[in-house]
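Chemist: Line by line, the protein sequences give chains A and B. Using numbering that gives the first Met the number 0, the final residue of the first sequence is 646, and nothing's skipped along the way. Using numbering that gives the first Met the number 0, the final residue of the second sequence is 215, and nothing's skipped along the way.
Derived by calculation from the structure, the hints in this document are not laboratory data. Among the clues, some could well be false.
[Said to hold, decoys possible] Taking CB as the label site, the calculated pair distances span:
1. A:Ser262 with B:Ala75: 51 to 61 Å
2. A:Glu330 with B:Asp159: 37 to 47 Å
3. B:Pro166 with A:Ala434: 45 to 55 Å
4. B:Gly197 with A:Ala277: 52 to 62 Å
5. B:Arg77 with A:Pro411: 53 to 63 Å
6. A:Ser109 with B:Pro188: 31 to 41 Å
7. A:Thr397 with B:Arg193: 56 to 66 Å
8. B:Pro71 with A:Ala434: 20 to 30 Å
9. B:Arg77 with A:Pro357: 19 to 29 Å
10. B:Arg93 with A:Glu330: 31 to 41 Å
11. B:Asp159 with A:Ser109: 37 to 47 Å
[Claimed, not checked] Not everything, but these chain B residues come out facing chain A in the computed CB check (under 8 Å):
12. Gln57
13. Arg114
14. Leu121
All values reported here derive from a predicted model rather than from experimental measurement. Glycine included, C-beta positions come from ideal geometry on N, C-alpha and C.
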Amino acid sequence: MSDHSTGSRRGFLKSSILLGAALPCTASIAAPDQAPTAPGQRGRMPPGAAKAIAEQGDLGADRSDQLVSHPGSDFMVDVIKAAGIRYVAAVAGSSFRGLHESIVNHGGNSDPELIVCAHEEVSAAIAHGYAKVAGVPMACLVHSNVGLQHAAMAIYNAWCDRVPIMVIAGNVLDAAARRPLLDWLHSAQDLAAMVREYVKYDDAPLSLQHFAESFMRAYEISMTPPYEPVLLIADQELQERPVEGATKPKIPRRAPVHGPGGSNEAVARAAKLLADAASPLIVVDRAARSQEGVDLIVRLAELLNAPVIDKGSRMNMPTMHPLCQSGLQRELVPAADVILCLELTDIWGLVNTMPDKPSHQTRRIARPDAAIVGVSANYGYIRSVVQDAQRYLDADLTIDADAQIFLSQLIPAVDQLLTSDRRAMIAARLEPARAAYARMRQADATEAAKGWDASPISTARLSMEIWDKIKTLDWGYVSNSAFISSWPQRLWDMTHHHHHIGGEGGFGMGYGAPAALGAAIAHRDAGRIAIAIQPDGDLLTLPNTLWTMAHHSIPLLMVMHNNRAWHQETMHLTRMANRRERGPTSWNVGTTISDPFVDFAAMARSMGVWAEGPIDDPKALPKALDRALAVVKSGKPALLDTLTQVR
Amino acid sequence: MRAMRRIWLGAALTLSVQAILVPVSRAGPAVKREASIEAGHRLYMQRGCYQCHGMVGQGSVLSGPSLSPLRPDSDAFRRYVRNPAGSMPPYTARILTDDELQRIERFIRFIPSPRSYTAIPLLARTVAAGDRMPDNRGDGPVSPGRAIFETHCAVCHGPDGRGGVGPSLLAERSKRSLLETISFIKDPPVAMVRLYPGSLSDAQVMAVSRHIRGED
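Full structure from sequences and hints, please.
Modeler: Here it is in structure tokens:
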């Protein structure tokens, strides 16, 4: 059939589309059979009724089987709403088209609101960052197979970081329901298998009732320590078929699970060790899940006048507290007789060293007789394929409990054991601790002064110029600071849990920008300003995050830590070449971001984000920060590209 | 031919490293340096010393100690570089000659001493602030909302919100929702000072509203 033949199906379709497009500005449309036919236009006219019937069947026949008035995905949206999910981050994908449409039209695109992304890794990382500030999960909707694979790395980061995400993946399980070609390429027999090693729970519901119950179960599992991502498959047939049967499926209530605490015996043993200790040390990493957790850590530290090392995966300990002595780890670990480790990623690495040498020699740095107490909800939850469990340590007391819950048990138990003599001894620890803290702060400031006027800008200067601008605002720092020498933790006044969200968890590249964006959404909802110091290599992984940021007008101040390299790798390459005594200047091959340099400001502007830079003069920073903050205060994102020292 | 290639690669590397890093060498006012110091600087960058110890020897808690000032004497410095402890890679004579090492050392010792932090207001203020006990007993650091309240609101409503020229705010939480408190501040009655948007931003109105309501 030729495109030009009168009454062809394709010609009819074309005309229909043209008519449809013209409809709004046309008062009336003549019936196809009566339409005037201009010379030379015959091939574009609609077919007559007879031909249309011959091709399409009886046009007057009942077409109600094409309509779905109560699709299952409407019910799914009701379930998502009932769980209190406020946002769904997604890249559009046909395997969840029904759910997508229901979010927009049935749910009114509000609670949950769709956060439009250009990559599923961005969707999952946004949910990761959001949960660390909001304290509740965001949903992340991904396409079958390819979308989930894109999201996989970000899900892994969240899993290592013990962060809840509700991942919902479309899929077409029933082969008979799959459209040819793409539906087969984008369907899986066991979709969750792709990420099962790093989600805490998954299910592929076969009915809407099953979906509702599994959704609530998934939510509660993700929010029971250890918090983790979970995955639910939303089958396309389930989304698109009408709700069937006389009985509408029911949405169960959420049933929050009380997390695991310590046994009476474990609490008593830990309390005795700490009460009797001469030099107790508290080390925290993901211990505080909320401000309550911060307050509990402070209370225990003050009860014992014990210094605290905050490893920084969360904001655990106020940085201005004299017992917050993270910078004194090298002195404190060898001196401690009891070390209480709360939700640490790596206890072995705390009490031992293993320099990056071919010999892999190790050395214990803690006292041989130091009692090591480990508390973590992860002792009872471990996976084999991925090895985030870290090296085994034969601790003296290992307790499978959530640290925040355990602290609420431990503090009264320690308090009860303290005699007046013990309290007097403990009180005497405070002044030396304050002196040590003062020395630490002076040493940090002395280090920060080095390179203060250098260009590119030192990371200490960058951090402090930012601090000077935000300290009177209600703020949240939403990026990892390890790669900028942890200056914010060392010099900023962090007092609240929301002041810092820690890092990637799994150190997967690409986390930084989207997680900062997700955290900024939660901060915006709480009336705060979010600030990220964004590594260049990380932003280069998922630059489309900037578009999402502009599209949703998320107030986030993003200041680049642009050292024009994947800098950690320059060190690794130097290490390798030096060991092999060759290529002493070859370290920059494959490790530096040059030739060409990336113009991050232009990149941001191209996607609708206000931006300035590159800035390499530290004296130009304060005014540039003022301009950027003015944009952020108006409710929009801003990016400052600053050329920085490497660390 | 191979020799030519090596020379080309060497030149390309120098250019490339300098393109990335040369702006970095400015550590303050330009100081005229003798040629051997310049050569030492180039070597310091090209051989990757800066990767761990920073472009101006400032070091990092993540990668390596500061070299400014360089504490070991020349002999100890050279022995350490050849056979270092920790994660530092060894620099044998095959990849770094004695002469090159000497030039690098001269450059490091030439790095100007940094200013004292006490001469940098941003740092001096931070240290001078000293430590604070936490706010979990109510005597801790000042929240942003409280700081705004003390600056703009306390003069009328009293330092603790119990009232003065203006009414008490202690029952604010039971009288209005958070949004209503925010709206009230943004669009105040005639007798009340209008602070928004001139003096307070949206975020600051939110912060002070939460403070008044005891929610910060």
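Chemist: Each of the hints needs a verdict: does it hold here or not?
Modeler: For each hint, the structure was consulted:
1. In this structure the supplied range 51 to 61 Å holds for Ser262 of chain A paired with Ala75 of chain B, their Cβ-Cβ distance being about 54 Å.
2. The given range of 37 to 47 Å is respected by Glu330 of chain A and Asp159 of chain B, whose C-beta atoms sit roughly 42 Å from each other.
3. For Pro166 of chain B and Ala434 of chain A, the hinted distance range of 45 to 55 Å is satisfied, since their beta carbons lie about 47 Å from each other.
4. The hint said 52 to 62 Å for the Cβ distance between Gly197 of chain B and Ala277 of chain A, and at roughly 57 Å that hint holds.
5. The hinted range of 53 to 63 Å is satisfied by Arg77 of chain B and Pro411 of chain A, whose Cβ atoms lie roughly 58 Å apart.
6. At about 32 Å, the CB distance of Ser109 of chain A to Pro188 of chain B agrees with the hint of 31 to 41 Å.
7. Here the CB-CB span from Thr397 of chain A to Arg193 of chain B is close to 60 Å, well matched to the stated 56 to 66 Å.
8. At roughly 29 Å, the beta carbons of Pro71 of chain B and Ala434 of chain A sit within the given window of 20 to 30 Å.
9. The given range of 19 to 29 Å is respected by Arg77 of chain B and Pro357 of chain A, whose C-beta atoms sit roughly 22 Å from each other.
10. Checked against the hint of 31 to 41 Å, the C-beta distance between Arg93 of chain B and Glu330 of chain A comes to roughly 38 Å, which is consistent with it.
11. At roughly 39 Å, the beta carbons of Asp159 of chain B and Ser109 of chain A sit within the given window of 37 to 47 Å.
12. This hint holds: Gln57 of chain B has a C-beta 4 Å from the nearest C-beta of chain A, less than the 8 Å allowed.
13. Because the smallest distance between the Cβ of Arg114 of chain B and any Cβ of chain A comes to about 6 Å, under 8 Å, the interface hint for this residue holds.
14. For Leu121 of chain B, the suggested interface contact is upheld, since its CB lies about 4 Å from the closest CB of chain A, less than 8 Å.
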